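If you want the building blocks of each chain, they are given just below.
Number of protein chains: 2
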Amino acid sequence: MILTFEQEKAVIRTLLRKLGASEEEASATAEVLAEGDLRGFGSHGLLRLPYIMRALKRGTIVANAKVRVIKETPATALLDGGHGLGHHIATRAMRLAIERAKKQGIGAVGVRNSNHFGIAGYYAEMAMRKGLIGIVTTTTDALVHPWGGVEPLLGTNALAIGIPSKPPVLLDMAMSVAARGKLVKAMKEGKSIPEGWAIDSEGRPTTDPKKGLEGALGPFGGVKGYGLALALEILAGPLVGAAAGKEVKGTLEPVEGFSTKGDFMITVDPAAFGSVSEFEARVQKFLTQLKESRKAPGVVELLVPGEPEFRAREKRLREGIPIADEVWAEIERIAKELGVNLADILARSR
Amino acid sequence: MILTFEQEKAVIRTLLRKLGASEEEASATAEVLAEGDLRGFGSHGLLRLPYIMRALKRGTIVANAKVRVIKETPATALLDGGHGLGHHIATRAMRLAIERAKKQGIGAVGVRNSNHFGIAGYYAEMAMRKGLIGIVTTTTDALVHPWGGVEPLLGTNALAIGIPSKPPVLLDMAMSVAARGKLVKAMKEGKSIPEGWAIDSEGRPTTDPKKGLEGALGPFGGVKGYGLALALEILAGPLVGAAAGKEVKGTLEPVEGFSTKGDFMITVDPAAFGSVSEFEARVQKFLTQLKESRKAPGVVELLVPGEPEFRAREKRLREGIPIADEVWAEIERIAKELGVNLADILARSR
Numbered sequence: 001m002i003l004t005f006e007q008e009k010a011v012i013r014t015l016l017r018k019l020g021a022s023e024e025e026a027s028a029t030a031e032v033l034a035e036g037d038l039r040g041f042g043s044h045g046l047l048r049l050p051y052i053m054r055a056l057k058r059g060t061i062v063a064n065a066k067v068r069v070i071k072e073t074p075a076t077a078l079l080d081g082g083h084g085l086g087h088h089i090a091t092r093a094m095r096l097a098i099e100r101a102k103k104q105g106i107g108a109v110g111v112r113n114s115n116h117f118g119i120a121g122y123y124a125e126m127a128m129r130k131g132l133i134g135i136v137t138t139t140t141d142a143l144v145h146p147w148g149g150v151e152p153l154l155g156t157n158a159l160a161i162g163i164p165s166k167p168p169v170l171l172d173m174a175m176s177v178a179a180r181g182k183l184v185k186a187m188k189e190g191k192s193i194p195e196g197w198a199i200d201s202e203g204r205p206t207t208d209p210k211k212g213l214e215g216a217l218g219p220f221g222g223v224k225g226y227g228l229a230l231a232l233e234i235l236a237g238p239l240v241g242a243a244a245g246k247e248v249k250g251t252l253e254p255v256e257g258f259s260t261k262g263d264f265m266i267t268v269d270p271a272a273f274g275s276v277s278e279f280e281a282r283v284q285k286f287l288t289q290l291k292e293s294r295k296a297p298g299v300v301e302l303l304v305p306g307e308p309e310f311r312a313r314e315k316r317l318r319e320g321i322p323i324a325d326e327v328w329a330e331i332e333r334i335a336k337e338l339g340v341n342l343a344d345i346l347a348r349s350r
Numbered sequence: 351m352i353l354t355f356e357q358e359k360a361v362i363r364t365l366l367r368k369l370g371a372s373e374e375e376a377s378a379t380a381e382v383l384a385e386g387d388l389r390g391f392g393s394h395g396l397l398r399l400p401y402i403m404r405a406l407k408r409g410t411i412v413a414n415a416k417v418r419v420i421k422e423t424p425a426t427a428l429l430d431g432g433h434g435l436g437h438h439i440a441t442r443a444m445r446l447a448i449e450r451a452k453k454q455g456i457g458a459v460g461v462r463n464s465n466h467f468g469i470a471g472y473y474a475e476m477a478m479r480k481g482l483i484g485i486v487t488t489t490t491d492a493l494v495h496p497w498g499g500v501e502p503l504l505g506t507n508a509l510a511i512g513i514p515s516k517p518p519v520l521l522d523m524a525m526s527v528a529a530r531g532k533l534v535k536a537m538k539e540g541k542s543i544p545e546g547w548a549i550d551s552e553g554r555p556t557t558d559p560k561k562g563l564e565g566a567l568g569p570f571g572g573v574k575g576y577g578l579a580l581a582l583e584i585l586a587g588p589l590v591g592a593a594a595g596k597e598v599k600g601t602l603e604p605v606e607g608f609s610t611k612g613d614f615m616i617t618v619d620p621a622a623f624g625s626v627s628e629f630e631a632r633v634q635k636f637l638t639q640l641k642e643s644r645k646a647p648g649v650v651e652l653l654v655p656g657e658p659e660f661r662a663r664e665k666r667l668r669e670g671i672p673i674a675d676e677v678w679a680e681i682e683r684i685a686k687e688l689g690v691n692l693a694d695i696l697a698r699s700r
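These protein sequence lines are chains A and B, in that order. Position 120 of the first sequence, counted from 1, bears residue number 120 in the numbering used here, the numbering being contiguous throughout. In short: position in the second sequence from 1, add 350, done, that's the numbering used here.
Simulated from the structure, these hints should not be mistaken for laboratory data. Predicted, not measured: the structure shown is a model, and the values here were computed from it. Among the clues, some could well be false.
To be verified - Heads up, simulated DSS-like pairs for lysine-lysine below, C-alpha to C-alpha not over 27 Å straight-line:
1. Lys249/A / Lys452/B
2. Lys102/A / Lys421/B
3. Lys596/B / Lys102/A
4. Lys645/B / Lys210/A
5. Lys103/A / Lys480/B
6. Lys285/A / Lys596/B
7. Lys182/A / Lys645/B
8. Lys516/B / Lys249/A
9. Lys103/A / Lys452/B
10. Lys453/B / Lys130/A
To be verified - Some chain B residues well away from chain A (every beta-carbon gap over 12 Å; in silico):
11. Tyr401
12. Ser542
13. Lys561
14. Gly670
15. Leu688
16. Asn691
Ideal placement from N, C-alpha and C gives every residue a C-beta, glycine not left out.
Excised from the complex, chain A in its bound form (with noise of 0.2 Å):
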């Protein structure tokens, strides 16, 4: 199946509304989990909106949820979700963290109580787009295996780094070498995993996916990884009031109860600390730089972080976002369940 942006947002928006989801909360997960999937991040797009829907209906992501910030300074602010959808509460954080980074040069937002929020790159995004640089991690579900140890004790924690610059730098990535997703692939396809992915139950290198599922993932970069992953599992966890470790729950599936994740963002004005246009001059220098230097053997060219996701971002606005069999089958099956009629909604939003 391919669909549009907007016939994807469509989709998205209108199943979230007859689950009772508000119009703000599901424009906006219409929105990031389009843009996931326009960027290539197919684990962070419509792919999730069976769970979403799933735990809607179960009461483990509450519809209408009542956003609430619970304790602010000029500078920053931390906001209670209300376990409500978490790219509407992740949304309204970076608004908030954009809001003081302007008046005070930097803001911090942290978010309790929320949910999954699609790609951290979209927050990030949206402080670049307004001229500041955004800092964006959350925590996920234990999968990544402390250095030395065989557990999985560790979220893949994205951490986004958007700077305002030209080309615009958007740095986004998991703290595990590769996603869980890629070994559920490898798994399905019945292929192998390069070895360093992930490890067996025993604490073993191993390059059978189902294995590695059963274990735990690497840490990119070894030691360092390690040390950054669990730096950020205490900055997104603890700092502001979520879990961390194994008592994280809720992003990959619905749970009994309620998600117990946590985000933290940051925000920085580069007014505050200079001249813009110094700023962006230097920047610029240097990424011309970069991008204009000696490239390896069979390297064609030098990318910037970002660069990949924003070409085939506007490749696939051009000619459109593919969803795999499974996925819009399992779409199409909660359209009927809910009485939507998804020829029309993919006739009107073209």
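Use these hints to put chain B onto chain A, whose structure you have.
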């Protein structure tokens, strides 16, 4: 040569004072260099003093420098270090960042016109000791290649994150797989280096340390480490009005002009994001869970970031700090030149 912590500090203080450094500058520099040696970061300890002395003589590091806040908000500050001793300037910067976070929940301080500041973790720990989270980054001369590139265009750009927890978490890492100093050491000893540490000047992986030093260091964690190094280069560089890429000079050896490096520090007060006791309890529970979890075959103990260095520190506080013969010989030569009686200092500061 074995020095006590007090002896090392006294030697550094005395020699720096001889070249016109103020008492405050000399003490701060002595403190950070000796802390580097205590923790086993030998490349950031006494080894650096001869370089600093050469730069002071040349005037590319300015003694008794005027450190000024040139821009500020209630939550931020931009420091112009007046080309003074980096350790002293960074200590001042972190003090300001701590003050700001105590009042606003978050603080950020940028530093330009400074010099190499030793171990980044020292400043993150300053924040920790005040109950804050400290995040510190800094640029260095370009040593690391971009992903797919051949030329050194990124600094090793240390990132330190300190968390006030039990046990304390103090991540302090560079963006390269291995420190440049390790390649220098391998070359001197006629040893080869592991693949991945460096590429030669043609961009080919090399195990020859000499070729690696002529080429570029590899970013840790592949494309992800490259992305992080690039983001930090902009935060501690152009954001604070400092250079980036090949324009960063003066962190390895004195150069013709002043060093063009920069620093960026963020401080976060857990009290702004919830209950401090709850934060501490959650972190402690997480770290306990992690340390008590199952170990991989052959692993005796799981360590959190900073733990190896804190242990080295305790040991060296008790047993003294081993100083390499060639480093001590250089210090003796400098002392003689300046008419300083080292034996006298060592006897008085035992």
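Here's how the hints hold up against the structure:
no., hint, in the structure
1, Lys249/A / Lys452/B, "violated (32 Å)"
2, Lys102/A / Lys421/B, "holds (15 Å)"
3, Lys596/B / Lys102/A, "violated (31 Å)"
4, Lys645/B / Lys210/A, "holds (21 Å)"
5, Lys103/A / Lys480/B, "holds (26 Å)"
6, Lys285/A / Lys596/B, "holds (10 Å)"
7, Lys182/A / Lys645/B, "holds (25 Å)"
8, Lys516/B / Lys249/A, "holds (24 Å)"
9, Lys103/A / Lys452/B, "holds (18 Å)"
10, Lys453/B / Lys130/A, "holds (26 Å)"
11, Tyr401, "holds (26 Å)"
12, Ser542, "holds (20 Å)"
13, Lys561, "holds (14 Å)"
14, Gly670, "holds (28 Å)"
15, Leu688, "holds (38 Å)"
16, Asn691, "holds (43 Å)"
Checked against the numbered hints above, the structure violates hints 1, 3; every other hint is satisfied.
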